[in-house]
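*Asks:* Please construct the entire structure, taking both the sequences and the accompanying hints into account.
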Amino acid sequence: MNIETQDFYTQAILSMSALVGLMSFLMLGQGRLPRLIFVFAMQGMLLTLTAILAANELHSPHLYISAFLTFTLKVVFIPSMLQKQVFAMNIHRDVEALKNNTTVMLSGASLMIFSYYVLQPIIHTSSMIMLNALVVSLSVVLLGLLLMISHRQAVAHVVGFMSIENGLFFAAMVATDGMPMVVELGVAFDVLVAAVLFGIFFFHIRTSIDSLDVDMMNKLHEVER
Amino acid sequence: MNWAIAILQTVLFVALAPLLAGFLKFCKCRLQNRRAPSFLQPYRDLLKLTRKQPVISEDASWLFCVAPYIIFTMMVLAATVIPLIAVDMPTSESADVIVLVGFFAFARFFLALAGLDIGTAFGGMGSSREMTISSLAEPAMLIAVFTITMTASNTDLSGAILHILHSGSTLHPSFVFALFALILVAVAETGRIPVDNPTTHLELTMIHEAMILEYSGRHLALIEWASQLKLMLYGVLIANLFFPWGIAQSFSFGALSFALVVLVLKLVVLSIFLALAETAVAKMRLFRVQEYLGFAYLLGLLGMLSHIILESTR
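These protein sequences, in sequence, are chains E and U. For the working numbering, count along the first sequence from 1 and bump the result up by 3. For the working numbering, count along the second sequence from 1 and bump the result up by 63.
Bear in mind the hints are in silico, worked out from the structure with no lab data behind them. Only a predicted model underlies this, so the values are computations on that prediction, with no experimental measurement involved. Be aware that a few hints might be false.
Incomplete in silico selection of chain E near chain U, CB under 7 Å [claimed, not checked]:
1) 14
2) 17
3) 18
4) 21
5) 104
6) 105
7) 108
8) 112
9) 115
10) 119
11) 135
12) 138
Glycine residues also receive a C-beta, built at the ideal position from the N, C-alpha and C atoms.
*Replies:* Put into structure tokens, the structure is as follows:
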């Protein structure tokens with residue numbers, strides 16, 4: 004597959020997938036929470052654009068609905084909710100000192116290569132564009148996991164979790180012409196509920212250990228020492 | 064004819080470099096609500112410095128006096144490699160992008176030696192910092208440029224630019240990464256704000272200025288001119304490699320003058336962006352520079368990866 008011989012739709016989808024991957028890397032290296040949430044919203048915006056592109060090209064109008072859902076949930080609602088909580092808990096000025104930032108970044112790059120290696124066998128049964136888009140979405144999922152491991156703030160964990168869902172959504176949209184509407188609505192509702200639940204959890208964590216830094220949870224013991 | 068155009072292009076490069084620095088200063092001044100000096104101020108400064116007698120420390124060796132000439136020559140040679148207004152130059156065919164990086168490294172080597180030669184504390188400190196930064200920036204730059212040259216399967220810059228021109232409006236995902244990586248590297252290498260502040264002489268933060276602290280007179284003029292040339296080299300490299308539209312492919316007068324106008328426009332846009340970034344971003348701590356350049360390297364690597372994963376023929 005040579006990119007110059009592909010049609011515009013394929014090129015656009017591939018560029019979108021590269022940008023979605025870039026956003027995951029930007030999130031990985033981000034120590035400030037408001038900026039992290041902003042980059043997450045940008046990733047949601049890219050997903051919306053991809054959904055609109057796919058809906059236009061594949062003539063499947065239900066993708067417009069999922070584009071609308073993505074926009075309202077992942078670009079507007081969840082980021083603004085997280086942002087509000089970050090400001091309410093007065094941690095928006097905290098800069099998290101990321102340990103071994105360069106190592107985390109490079110392991111992110113190797114995760115991308117790994118996901119490519121894992122998905123290589125698919126090449127026999129599917130088109131190239133599907134393989135490439137699947138590689139990027141699998142690496143977005145893995146990078147989301149890495150984000151949850153490497154950051155210590157609970158808010159960053161939530162963003163990592165949501166970006167895992169972004170990766171799955173991207174794969175579903177590009178590779179299989181969108182999930183059935185019922186599934187999509189269900190997932191969107193789940194994400195919404197998850198976001199609300201996380202908000203409640205933040206306050207619980209905060210009241211029990213007086214911080215959102217999950218490393219502080221090591222202080223909790225069953226038995227008083 | 065080709066050689067005449069190539070020489071003209073290099074002369075244009077050398078002559079326009081102070082103007083670009085002047086325009087950049089103008090943009091920054093306007094953004095910071097200050098009155099700007101004239102665009103021609105860098106020329107006047109250079110002229111003033113060449114008229115002055117250089118003062119050379121008695122501890123300086125011959126290296127100290129030779130270094131400015133070597134650095135300036137290297138920058139002029141680098142200017143011959145990068146296509147400014149036209150492609151298919153005989154000079155850019157004889158040297159490719161690896162040679163270009165080599166020219167930069169050569170100049171930097173002598174600048175660092177000159178900083179060490181005089182034996183002051185600042186010179187040594189500046190040299191050590193410069194070498195630290197460049198050892199991280201160089202691989203990032205190479206890998207970013209390799210992304211382009213791999214797409215064109217040609218390490219020659221004019222060849223790469225021609226390839227991009229001929230492939231039309233193809234969207235290359237990898238170019239986005241390479242562009243960002245190259246911008247980050249260019250900012251670090253030319254000593255602009257998040258890495259080094261070109262306007263300050265504060266002991267703790269200066270890098271480039273620390274090395275050239277002992278220079279005066281025509282030596283200082285040559286070094287200043289060389290660093291203005293370096294800024295222009297990176298600007299033109301970014302502008303012409305990623306946005307090559309408008310560059311002359313034939314040597315007719317009309318095509319060349321149109322290319323010059325387009326190039327000036329591109330550089331104006333680029334310097335406005337640079338001035339905006341320099342006004343909005345604070346200078347970072349020296350020890351965070353490795354994170355910054357690590358990120359640039361990662362972007363270059365991602366560009367290379369997405370070229371292989373998303374674009375290449377298998």
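*Asks:* Does the CB of residue 17(E) sit less than 7 Å away from some CB of chain U?
*Replies:* holds, 5 Å
*Asks:* Verify the interface restraint on residue 18(E): the C-beta must sit less than 7 Å from at least one C-beta of chain U.
*Replies:* holds, 4 Å
*Asks:* With chain U as the partner, please determine if residue 119(E) meets the hint condition of a C-beta pair closer than 7 Å.
*Replies:* holds, 6 Å
*Asks:* Would you check whether residue 105(E) satisfies its interface hint, that is, whether its CB is within less than 7 Å of any CB in chain U?
*Replies:* holds, 4 Å
*Asks:* Let me know if the C-beta of residue 108(E) comes in closer than 7 Å to any C-beta of chain U, holds or violated.
*Replies:* At 5 Å from the nearest chain U Cβ, residue 108(E) passes the 7 Å test, so the hint holds.
*Asks:* Per the CB criterion, is residue 115(E) less than 7 Å away from chain U?
*Replies:* holds, 6 Å
*Asks:* Should the hint that residue 104(E) touches chain U count as held when the rule is a Cβ pair under 7 Å?
*Replies:* Status holds, d = 5 Å.
*Asks:* For the restraint on residue 21(E), tell me whether the closest CB of chain U is nearer than 7 Å.
*Replies:* holds, 3 Å
*Asks:* Does residue 138(E) hold up as a contact with chain U if the rule is Cβ-Cβ below 7 Å?
*Replies:* holds, 6 Å
*Asks:* Using the nearest Cβ pair, does residue 14(E) come within less than 7 Å of chain U?
*Replies:* Cβ of residue 14(E) sits 4 Å from chain U, so the hint holds.
*Asks:* Can the hint on residue 135(E) be confirmed by a CB-to-CB distance to chain U that is less than 7 Å?
*Replies:* Holds. Min distance 5 Å.
*Asks:* May I ask you to test the interface hint for residue 112(E) with respect to chain U, counting a Cβ-Cβ separation under 7 Å as satisfied?
*Replies:* Status holds, d = 5 Å.
Checked against the numbered hints above, the structure breaks none of them.
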